[in-house]
Amino acid sequence: MTTMTEAPAAAPGTARKLTYVKAFNEGLAQAMREDENVFVAGEDVAGYGGVFRMFDNLLDEFGPRRMIDTPISEAALVGLGVGAAARGLRPVVDLMFMDFIGVCLDQIVNQAAKMKYMFGGALSVPLTITTASGAGLGAAAQHSQSLEAWLAHVPGLKVVMPSDAYTAKGLTVSAIRDDNPVVVMLNKVLLGSTGEVPEEIYGIPLGQAHTARQGSDVTVIALGRMVGEALAAADELAAQGVEIEVIDPRTVQPLDTETMFASVRRTNRVLVVHEAVTFGGLGAEIAAQIQDAAFDHLDAPVLRIGAPFSPVPFSPVLEKAYVPDRARIAEGCRRLLERS
Amino acid sequence: MTTMTEAPAAAPGTARKLTYVKAFNEGLAQAMREDENVFVAGEDVAGYGGVFRMFDNLLDEFGPRRMIDTPISEAALVGLGVGAAARGLRPVVDLMFMDFIGVCLDQIVNQAAKMKYMFGGALSVPLTITTASGAGLGAAAQHSQSLEAWLAHVPGLKVVMPSDAYTAKGLTVSAIRDDNPVVVMLNKVLLGSTGEVPEEIYGIPLGQAHTARQGSDVTVIALGRMVGEALAAADELAAQGVEIEVIDPRTVQPLDTETMFASVRRTNRVLVVHEAVTFGGLGAEIAAQIQDAAFDHLDAPVLRIGAPFSPVPFSPVLEKAYVPDRARIAEGCRRLLERS
Amino acid sequence: MAQRASTKSADPAANQESAQVVKDLHERMVRIRLFETEAGKLMEAGRLPGFLHLYVGQEAVAAGVMAALRDDDQITSTHRGHGHAVAKGVGLREMYAELYGRVTGACLGRGGSMHINDLTRGMLGANGIVGAGVPIAVGAAFAARYKGEDSVAVTFFGDGATNIGAFHEGANMAAILGLPVVFVCENNGYAEFTPQSGHMLLADVADRAAAYGMPSVIVDGMDALAVHRAAADAVARARAGAGPMMIEAKTYRFYDHQGVKGLRHPYRSDEEVAEWKARDPIDLLEARAVADGTATRAELDDVWQRTRDEIAEAIAYAEASPLPDPADLLLNVYSG
Amino acid sequence: MAQRASTKSADPAANQESAQVVKDLHERMVRIRLFETEAGKLMEAGRLPGFLHLYVGQEAVAAGVMAALRDDDQITSTHRGHGHAVAKGVGLREMYAELYGRVTGACLGRGGSMHINDLTRGMLGANGIVGAGVPIAVGAAFAARYKGEDSVAVTFFGDGATNIGAFHEGANMAAILGLPVVFVCENNGYAEFTPQSGHMLLADVADRAAAYGMPSVIVDGMDALAVHRAAADAVARARAGAGPMMIEAKTYRFYDHQGVKGLRHPYRSDEEVAEWKARDPIDLLEARAVADGTATRAELDDVWQRTRDEIAEAIAYAEASPLPDPADLLLNVYSG
Ligand SMILES: Cc1ncc(C[n+]2csc(CCOP(=O)(O)OP(=O)(O)O)c2C)c(N)n1
Ligand SMILES: Cc1ncc(C[n+]2csc(CCOP(=O)(O)OP(=O)(O)O)c2C)c(N)n1
Ligand SMILES: [Mg+2]
Ligand SMILES: [Mg+2]
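Protein chains in written order, with our numbering: chain Y, 654 to 993; chain W, 654 to 993; chain V, 85 to 420; chain U, 85 to 420.
Take these hints with a grain of salt, some might be off.
Stated by the list, open to error - These stretches of chain W come out as covered by chain V in the derived footprint (C-beta under 8 Å, 3 or more residues):
#1 712–723
#2 733–745
#3 763–776
#4 824–834
As the list claims (entries may be wrong) - In the DSBU-like style, the derived pairs of lysine-lysine whose C-alpha atoms are separated by at most 30 Å in a straight line are:
#5 U:Lys345 with W:Lys670
#6 V:Lys107 with V:Lys125
#7 Y:Lys670 with V:Lys345
#8 U:Lys125 with W:Lys973
#9 U:Lys125 with U:Lys345
#10 Y:Lys973 with V:Lys361
#11 U:Lys361 with U:Lys125
#12 V:Lys345 with V:Lys361
#13 U:Lys125 with U:Lys107
#14 V:Lys361 with V:Lys107
#15 W:Lys973 with W:Lys670
#16 V:Lys125 with V:Lys345
#17 U:Lys361 with U:Lys345
#18 V:Lys125 with V:Lys361
#19 U:Lys107 with U:Lys361
#20 Y:Lys973 with Y:Lys670
#21 W:Lys973 with U:Lys345
#22 Y:Lys973 with V:Lys345
As the list claims (entries may be wrong) - According to the in silico footprint, chain Y covers these stretches of chain W (three or more CB under 8 Å from chain Y):
#23 672–685
#24 803–812
#25 931–939
#26 947–957
Derived by calculation from the structure, the hints in this document are not laboratory data.
Being a predicted model, the structure only gives us computed values, none of them experimental.
Beta carbons are placed, not taken as given, at the ideal position from N, Cα and C, and that holds for glycine.
Full structure from sequences and hints, please.
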């Protein structure tokens, strides 16, 4: 796709509010209207509209030719998308819960991601994979993971993590318009949250971070749902006279590190926060790059906040302690500032 | 298993040399003799002895009850191991090429790794998964990957990366004796390399790094095959008056960071090198931890050397440029030392 | 072609189920029914976190199969696993406590509904991943044979699950290794909201067994005695070393795929639901038992009452149980 | 049950293959044979990097199927993919150059033997992962129907590949969506070094098609005409919108699983190998063509000679081609 309608990085002043999931749905519907080659396949995406209501009403508008219910066969589902994309369509395949990726990772990683390269550039694979990630619903260890670190480690893939309704729509549109395989990681807890969303179709450039709040004391780089938590922490800290800058990478592959470096060179302190377990998470890559690029600007080590090294627990009391939140972010910022 | 025969961390003076693959084979055979509950399953592991000859002669000694050839069904193969381990056996299942993990990751990550936790501790899953990883044989993008970063990010799994014949045997024995799921990542290029290997059975503690060479100028942390490359670089640098310390983590999950921190506090400069692509590789985690724990001791940012962000290319001229080697390590050390 | 087992076995001796078996089946079914309907009420009242896939309607399958098993026989289950757990003898207290996320739960509150297990009863776990339990059961059967034991493994899965790779690979693995595994397909006609006709072209899932050289049988999954007979045959066969076999039980779930609420999408007609409910497996067994004098109405009512009491007590136990301590977050991630 | 196609079709008209078809099949087979034997020699001489899974012995399958396809029909292939590529019309120069890792290769030297493709000829790629090509072909067929085109997709896979989940899921997906996919199982009796009897209980892979409600046919995979007839039927059926079908071609590979060297493990008896070699598919077709006057020996010899020349030229081209430039390492990782 060459024609791109890009909206400004921040939501313009629009009175209209939509939920995150409706914003996703609207972006998808508009992308389907824009390009006849876009279709959706997945389990219960058509007749039922998706277990998270991500695909509500799309069957009515687009009919069974473009909205395909499939058997429980994720490897064949992604493979269907790979083959259709290789033949010029722009499939959107839905994996429901991100945790199910383990049954179809070969098609994502060894086929979709590598095909263009292995084939000497003979084709593109404009495949979009949508899925819901994250903990917080008491869904336990096999329905709550955030596995972006796996995917971001795979050359050939792109990965976006919408943090609010505005990005849920814009990143989805851009993922579909992109000529590469892109995984759209929606966050389950955010599905019902609302935000301002322009009515027209718009893309958000992949690989461009967004500074969600400006501040001079600490840079907080937050992924997905953690952006909202970081903004809440920022409010709390502002009341105490501490101004934190919140960066939402939006895309984790490719990762816009320049925006991060520029911020850190001003604040000299940085915290990275994500839902995934800390060990081997995206925070490690971000920390490694920052300590390299901004070595002489750091007044304290890059601080990472993520989940502890365990599967996601079921009991809400444990799950709450497991997922990072605004309190831990605020505390992390304070710790960074204490460090001389 | 409670009885552990642990050998000294370094190979004792023994005249006997074995190839890496024979050392693995000997360790496995001895572990099978030690414990009747150990069996091996995989594609062509019994009658053929494994495509890399990893299982040579084991059918003769242990018979078809303990050496099982399976269909090409990796998900069922790992699942067989999970179920058998849950019922008290100590399965060794072989995945041939590590790249095939995409077809069975669910069984490794959502079942084997999480079962003990999700089940409230009711059982253990003493499963060993063996596989061959790494580039260098012109095997191209789907037969050359090093995917340790995926596995090390998974709570409940352990991951070892033997760097020579001695560790190929000792880490395999320890993996089998361990009560957790452990992935043994053999390196394809090292299979035929030789080293001193004690004849008796011995384990090498999981989660304990080994200082392969002592030095005061730069700490080089190298994974798997890169240990040998780092040692070669050390020889070259020593001739130029630069002494590098080479650390072989041996186990990447759990990761012995204390040994690394202690070294870095002495050398003040550190380079991490692995075959996997740099972005999101283990080097990121190691760098992130070191910049945190040894912030005030670093004279230069932690330097990472890994593969560029592309699938593994086929043509040997490209593959050679793709995989890190002694020259790039030596150059990295020199760059670190130039940094004031 | 799958064999179709009639409700009445051809072998007259097999029709002589003792009153004991009938009562056993009845009790298991009542326990499941009450466990589930109470769990549904607790969920509706907002007292249980997480997801709940109720088993109501399918009780004859779990009861019929489990009555043919020994404690040392192993089962693997699914997201819809409560019925299997209850029928295999997992404690009701531990199950409710788990649904509540209490530390006294079957998973110490770590797993919830989809990971209930009890190694002492051969319950190798529910599973949140469709089809994933199939190869695990194959491994359990492998272990039994390896150790020279004559226990068998039973794996439960839905109609929808037979479309996933793990099912296919597991079935072929069991067949080629000749392992003592019984494959029980609970065909409730739907995978979530997709009817069977929307996910496979076959009318009978059992016909898939032929692809593995495995015999199969189709039973009325609302008839606990029919299920029990088929299961007893398959288990005996497996125990004797004759290898795996598949049972397809045609059944129906009375609640929605998940939770208890009404459906936002009318994927099943009212008539269809009513028709199946008219064949409630517990009603069917009770009617037969009373008709042929195996049990009196009073005896049956007594089972309901005793179970109701036990369930109330189990719920009270769960509610009174302490929550897990967040300080123990890393408990049981690793062994040793 | 799979239908067994006899070499002679029941329909007499179908036996009237024009001399053109016979010559077409012959030429495709000779091209494959010479491509492969020369590649084997180059490998033995240490001039080719990487792995080499030779197709020799199976030529009748690729030739017979591909002769029934149009350029816009799509195929997905396997690790043993050279025969499919040659028969689908991929250039020999680009293929050899790829085996040599040259920048003029079919993958610009990036992919090697297991990733040869040519989008202009409908060759959607060899594949290093067993079974992975199956769902990709299903997707290609989906795209054709979506766009209102009448092209079909053919997926090739081995006997061993039918044990992996992707095959199962792909077959069911094609069936339930009614897509124009032809499933061609090249049953050479072995998965690496494991005989079919060691990886499945069935004698005929084709019987697996029934699990998806898919018709199937078994053909003599050493008889190019028989393969061709079966393929033409299945392709016509798919093109007409009648959905997927499976063809099982019983065949044999004359070399080892990988490379050309002798075997360290005697997994096939000398007698077995000799028996199959006595039914060399090219010899069989040539003998028939000469016997029924479709072609003269001289005409056939001419094909060999012309092909030999073309191959020598292609190898020379490959050897003279430049290597890729390491500075271009990141070429084609992403689009745009
Ligand atoms: C691999 C995987 N894909 C999808 C899901 C989501 N999911 C949970 S239950 C279910 C339907 C299962 O249908 P069936 O096997 O017939 O069992 P039933 O719910 O009818 O008991 C689906 C699609 C999952 N848990 N795992
Ligand atoms: C998922 C996966 N598992 C294992 C392998 C290793 N492997 C490559 S070819 C092969 C045998 C394939 O047998 P079959 O499908 O019969 O094809 P044939 O080699 O006989 O043509 C195996 C096991 C692989 N490439 N991919
Ligand atoms: Mg169902
Ligand atoms: Mg084969």
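(request) May I ask which of the numbered hints given earlier this structure violates, with the numbers listed in increasing order? (result) Those not satisfied are hints 10, 23.
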